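Residue 1 is where the sequence shown starts when you use UniProt numbering, and the numbers rise one by one after that.
Rather than coming from a laboratory, the hints here were simulated on the basis of the structure. From a predicted model like this one, the values you see are computed outputs, not experimental measurements. Please note that the accuracy of each hint is not assured.
[Unchecked claim] Cβ-Cβ distance ranges computed for the label pairs, FRET-style: (1) S52 x G18: 28 to 36 Å; (2) I5 x A46: 19 to 27 Å; (3) V54 x A22: 17 to 25 Å; (4) I5 x V54: 13 to 21 Å; (5) D49 x G20: 27 to 35 Å; (6) E6 x D57: 24 to 32 Å; (7) I19 x G48: 17 to 25 Å.
For every residue, glycine included, the Cβ atom is placed at its ideal position computed from N, Cα and C.
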Amino acid sequence: MDLRIEDRVYLVTGASSGIGEATVRLLAAEGATVVGVARKPWSTEALGDRVSTVAADTLRQV
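My request is simple: use the sequences and hints to build the entire structure.
Here it is in structure tokens:
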């Protein structure tokens, strides 16, 4: 599938599992640079050098 997203940068929250992880994998496979955000850091070794991670909790507590 060619999504024409090569050389673009995407930020994906919830990136360590589920839909977020699947999105990170798809975007990286299509040639995008991906910054994955999750509460706990995880290994992106298998995803190559197009994926980096940020440990953060984006949920605002009221």
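Hints the structure violates: just list their numbers, smallest first.
-> When the structure is compared with the hints, numbers 1 and 5 turn out to be violated.
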